[in-house]
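Engineer: Read off the chains here:
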Amino acid sequence: MFSPLEIVVRRMHLGLLWSASLLVPTGMRSEWWREWCAELWYVLRECSSKTSASPRSIREATRFCMGAYQDAFWLRKRSRQNHPLFAQIGSSPSACLFLLAVAFFLVSGIAHLSARITAGISRIEVYPWRMSDTGAAPCDCPFDLLAGRGSLRGTQLMFDGFSHYKITQETVWSQNMPRTKWTVAEARSDFFDVLHLPVRLTEGVTTGHDRVPHLVLGQDTWLRDFRGKANIAGTQLHVGSVDAIVSGVAFGGSMGLPGSANAWLLAPDLQSGRGKTEYVAGHLSSHGYFEDGRWGLSVVGILFAFLLFPFVSRPSVGEYGSSSPKPSLARRTRFWAFLFAKIAFGSLIVCVRGPWLFGRATLFAVVELSTGCFFRFTLRFGPEIGLLRSAASVPCLPQANDASR
Amino acid sequence: MARDPGLTHITALILQAIDSGFVYGFSIMEMTGLPSGTVYPAMRRMEEDQLIRSRWERQAIADREQRPPRKYYQLTAAGKSASDAARKRYPLIERLVPAAEANS
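First to last, the protein sequences are chains V and S.
Position 34 (the first sequence) corresponds to 34 in the working numbering; numbering is contiguous.
Position 57 (the second sequence) corresponds to 57 in the working numbering; numbering is contiguous.
In case anyone wonders, no lab produced these hints; they're calculated from the structure.
Take the hints with a grain of salt, since some may be wrong.
Pair by pair, the computed Cβ-Cβ distance ranges are [claimed, not checked]:
(1) I61(S) / R10(V): 36 to 44 Å
(2) L14(V) / E47(S): 19 to 27 Å
(3) Q74(S) / P4(V): 36 to 44 Å
(4) G27(V) / R53(S): 16 to 24 Å
Note that the Cβ used here is the ideal one computed from N, Cα and C, for glycine as well.
Use the sequences and the hints to build the structure in full.
Structural biologist: Given below as structure tokens:
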């Protein structure tokens, strides 16, 4: 009688053998499987006679099974050698394309399947901007990407912001309000900004209360529990163990977000582990990430990478043989012109568009990087171009073309 | 058509083990100390080179002893001469692989 552990281990070993058997050519598979299963039986018997299901015996049996892969690979290789036509097809471009196509469809299938599985676990709620001639207007209703992406067909939409919130049940009360059970969504302070959700925030509430969590009431809750009180902003409410200041009223699409929250508790540092249900929400727009000019940073970043490339690599203009310690005047002139042109062009971009494209930190980093690269370049090629003559006496290793001379 | 078998140390060791009475995969592994991933491909190669031949044990015998049937290996004539050549080439090999006491 086997213990549960032994049964699990036995199945694991058989699983290893089975997966290895898939590598064996079909004609030999049944014989191969029979032999390895029989041998595994003897290995397990031998191992269990030494020690009963000890880690060492399990390890030995596992090592034995791993050898099956080598055997299977050998048989596969042998089979290909014995059937050169198959080997030829297997290495031909058409076969490679076929395999790529199979891999593509396989990956697509898995991705499609996993999307469906993910859909069952969590939903992604997104808010598309409804485009019109007059401009963009937020859609009033939440849009379920997974369920309703068909309606987006033909429209190129991209995510430009993600945030998350979690739903908790809290008792809310104040001096003028009895204890009421609310569904509260806890989110980061920038939740409404990131998702472009419409909210009437009252000015002046945030000043002086930065560290106090803000509470954005749902429109229905505001009308029901506060009877649409106009000067609700600034009211202090106890939300569970937290004191919060009412900073505005959310309306429109935010009320359709999953969780049916009565209010949104916004705090800079969202505590984790309290809420039972957590949601991730994203915002879609037709411009996506590139909407607010960040594309400029990306483009100029790539441009700068190209600009800096000669400074961090060895340009061909500096390739001189060791037999010519000083390059010709034409070469030196070309080099210096090239260098100054690069620096001038880079500086021009930084000066003209720098403040717009970069923050101060980025600008500082670029300048520092440029300076560092310049020094590196000078130290590396200075002796060769006559800049650091004292360092030119350092012996150089002969280059390949010199050795051939 | 059998290829010219390259008499490697592993081949010599396995030939000696089979010649000494260790006639199935696991016992050869145990005696030579070689891993399964080396022994089984080597034996397939040797079988292809007609140095050894294999046969399955009769099912009735295995059933009687309540165990799965084994695949036994034995030397061919070419294998026997290769084994002799191996012993000459690797004199210490006989000491490494003693004769099996009970060949099951």
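Engineer: All hints are to be evaluated individually against the structure, with a verdict given for each.
Structural biologist: Here's how the hints hold up against the structure:
One distance hint, 36 to 44 Å for the beta-carbon pair I61(S) and R10(V), is violated here, with the actual separation near 24 Å. Roughly 25 Å separates the CB atoms of L14(V) and E47(S), a value that falls within the hinted 19 to 27 Å. Remark: the range hint 36 to 44 Å for Q74(S) to P4(V) is upheld by a beta-carbon distance near 41 Å. A hinted range of 16 to 24 Å for the beta carbons of G27(V) and R53(S) is consistent with their spacing of about 19 Å.
Of the numbered hints stated above, the single one contradicted by the structure is hint 1.
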